[in-house]
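With chain A fixed as given, assemble chain B onto it according to the hints.
2 protein chains.
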Amino acid sequence: MPFDDQLRAETSALYADLYQLTMLQAYWREGMDERGVFDLFVRRLGSRNYFLACGLEQSLEFLETLSFSDEALGYLDAQDQFGDEFLEWLSDFEFTGDVYAVPEGTPVFPDEPIVEVVAPIGEAQLVETFLLNQITFQTTIASKASRVVEAAGAGETDRLVADFGMRRVHGTDAAMKAARAAYIAGVDATSNVAAGQAYGLPITGTMAHSYVEAHDSEVAAFRAFSDLYPETILLVDTYDTIGGVRKTIDLMEEREDDVHIRGIRLDSGDLAELAHESRRLLDEAGFEDIMIFASGGLDEYKIAELLDRGAPIDGFGVGTKMGTAADQPALDTAYKLCGYAGTPRMKLSAQKSNLPGRKQVFRQHEDDAAVRDVIATRGEQLNGTPLMDCVMSNGERTDAGASRPADAIREHAAARLADLPDRLRRLDPEVKDYEVVLSGAMEKRFNATRESLRGTMTAEAP
Amino acid sequence: MPFDDQLRAETSALYADLYQLTMLQAYWREGMDERGVFDLFVRRLGSRNYFLACGLEQSLEFLETLSFSDEALGYLDAQDQFGDEFLEWLSDFEFTGDVYAVPEGTPVFPDEPIVEVVAPIGEAQLVETFLLNQITFQTTIASKASRVVEAAGAGETDRLVADFGMRRVHGTDAAMKAARAAYIAGVDATSNVAAGQAYGLPITGTMAHSYVEAHDSEVAAFRAFSDLYPETILLVDTYDTIGGVRKTIDLMEEREDDVHIRGIRLDSGDLAELAHESRRLLDEAGFEDIMIFASGGLDEYKIAELLDRGAPIDGFGVGTKMGTAADQPALDTAYKLCGYAGTPRMKLSAQKSNLPGRKQVFRQHEDDAAVRDVIATRGEQLNGTPLMDCVMSNGERTDAGASRPADAIREHAAARLADLPDRLRRLDPEVKDYEVVLSGAMEKRFNATRESLRGTMTAEAP
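Protein sequences, first through last, are from chains A and B. Numbers given in the working numbering equal positions in the first sequence, counted from 1, plus 476. Numbers given in the working numbering equal positions in the second sequence, counted from 1, plus 476.
Looking at chain A on its own, in the form it has when it is part of the complex (with noise of 0.2 Å):
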């Protein structure tokens, strides 16, 4: 069995940060066991105009089946920190709280929860790590992949985008979920087989240099991959990127009635001068229904100049850029507590305080158009579109938690991203214009919860 070490933590309790566990048991030892509020959301947008929300479906299938093996349990033991009775408390472990959230393919903003758990305050601690690692990973990629399309202009046009990411990502895992979390935000196919398989993803792929250079010529390789796949995409860069176009004309020729490909894809040199004169070759040929992709390096930036120098490109293969998200790998979530047995809470430390107590958030819209995000306490009724569902009651999914599939997150997507401000959508990072208030209640609320903490701290000064 390959991977064993690394399955049996993936299905384990043990996912998780030290310190949840040595929190977990300190609560339990306190007897602290009353309802705690956590809210999982990103403090600042860095270099994006908005997030789409992504990962929750891993999140739900995490608590819902979150257990300690005995195996697990025997690691823990063989630590020194925790306690026997605490163990055997522990193996009968499961998550029993409540989970609301913004559905996946939403955008968000900074401040807004993506997720809020209402659970004892232990178990919903120990979650932390799970939660902020899949939400965090899958919304930075949705978030990227979402301006690769924007830029591709592929909502808008029949052009192509493609993920190519799986053999750079941040290992197995980042390639299944970032091939999920690209498709959601509207990338049209992936290279990845397992995910195709495992989330009903179209898959897609052309051929490789090494299998050109495989063979004892160019047209050799060419003939026998259209032979094998009349439809194919014949990869002409290996030594000549106009010399391949040239006899992949040849081919087509030579072969008018057996073989037909679909396109030709260009890896290297300038893609759009590339571009340009094999589009010229092919159309003075007949071969207008050839259709160009491109891939190497690419980004939606990358592929926003292209279109710009008016390169006639069909289709972009967009891998490592995308899959890591480069230009920011992270996002700057946070899972912070916000309430406990029935009191807000809030952290007051540098330039990281958060919003206290259980919310909502309301989109309202003018004209067709979102212009405006109210943060809310939960049990206000504002104008506009509450964002964030029930999607867990006592640790059973509700109906509005249930797996979807993919397509139907990319469509709730779509629907969702169009209904922002054009601007939003652009690539410039300037635009940080959208409006997300505080409702009045949590406006004061939040002063009252401040002034409090502040005065605890004064009395309690030495």
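You may find that some hints are simply not true.
Unchecked claim - To spell it out: a stretch of chain A is covered by chain B in this simulated footprint if at least three of its residues, at any positions, have a beta carbon under 8 Å from a beta carbon of chain B; those stretches are: (1) 506-519; (2) 637-651; (3) 887-899.
Stated by the list, open to error - Subject to a maximum C-alpha distance of 30 Å in a straight line, what follows is the list of computed DSSO-like cross-link-like pairs (lysine-lysine): (4) A:908 to B:778; (5) B:908 to A:778; (6) B:920 to B:778; (7) B:920 to B:908.
The hints are simulated quantities; they were obtained by calculation from the structure and are not laboratory data. These figures come from a predicted structure and were not determined experimentally. Think of the CB as a built atom: it goes at the ideal place given N, C-alpha and C, for glycine as much as any other residue.
Frame of chain A, contents of chain B only:
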């Protein structure tokens, strides 16, 4: 069973780009089953002065166990691209090749093979995606972590570095492998309990702000936690850092005989200034042995800056920026065909050519320090230490390829890093002057292969 899709994917040969499978079928149909040689190497240093090779262990595990399950074959069958006979052949597929590699924890430079796969070409091609995925990511993180360790002076002083990255790295596999890679690079411990269990790494942790906030007062939280964990580290910045330090001192004075904590953690604000002030207060109270730990957005640059300012910090918790290698989240790795059927092969694409044929790398020393690497043809005997071992033969791991504990790899890394010229281990990104040269025989082969390819292209030209 949670994560079912993911587990299935990771233990499956479908963990590949689609084109690996279509090329495999093409090779099979064409009867091309002679041995191909593929090199896995990094093209450019980018913002590193060296790379620390990592990820071989999981690559060999994958190769040893690679097979197509019935479910995988069923999925491929449903794609309408694969013939029945081929799928039948796949059902008995196994990796039968040889693998040569640099041991994990060895510093390497651009163009030097980290792994060389010699196998029937379809087999060698199929495994590209997994090998690139694991070795790129793990080498990316080990190379980054090595810089963090150097900046902290962790090898030369008692100063500690802990990996706190689990919550914002790219998924579950990344969290596991990043903890391992960082430990190999010299990081002392990880917060990741699952990685501690899987790889035998030391685990560590402190407490969270939420724990402090859930209590009626900061003092109550400190008291409860230090009762339960006598050598704990208290997080002092939830409300006001210096106030938190004073409360820690009061607590220790109040209960001198019962409680001894190990240290305090600062997680926000001006860490250098707060460390100076905290140290002064602790020393004045006679607590010279209480350590000061710092965390919060750290990387090698911030650590160097803090130490330049004389910050009396005894340990660093380093998270997101190390675990995502934020300044260079992927290395420019390639897996390139360099031989087929006994003939050297290479690619001539613009700026992406590679070295033909099988290789060995010799590291040459002067005065006990490495001064030069020579990339030679396999079989040459040059001065210096050969870096590549045969780690797999006919699909079975050799003694040199046997699984090694993380501790042993870490020791190897420390020794090989100490062997590098001092200037390479500084943060200065301009230090790129380590000499990597081709042997005379390699130079000759490179030129001859290029000429021969150009000849072929001319002969083929329309």
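Okay, the hints, checked on the actual structure:
Evaluation of the coverage hint for the region 506-519 of chain A: fulfilled, as 4 residues show C-beta separations to chain B shorter than 8 Å, against a requirement of three. Coverage of a stretch by a chain is defined here by at least three residues with a beta carbon nearer than 8 Å to that chain's beta carbons; for the region 637-651 of chain A and chain B the count is 11, and the condition holds. Residues of the region 887-899 of chain A lying with their CB closer than 8 Å to a CB of chain B number 0, which falls below the three-residue condition for coverage. Proposed proximity of residue 908 (chain A) and residue 778 (chain B) is supported: the alpha carbons are some 28 Å apart, at most 30 Å.
With a C-alpha separation of about 28 Å, the suggested pairing of residue 908 (chain B) with residue 778 (chain A) holds against the 30 Å cut-off. Between residue 920 (chain B) and residue 778 (chain B) the CA atoms are separated by roughly 46 Å; this puts the pair beyond 30 Å, and the hint is violated. With a C-alpha separation of about 25 Å, the suggested pairing of residue 920 (chain B) with residue 908 (chain B) holds against the 30 Å cut-off.
In this structure, the earlier hints numbered 3 and 6 are contradicted, and the remaining ones agree with it.
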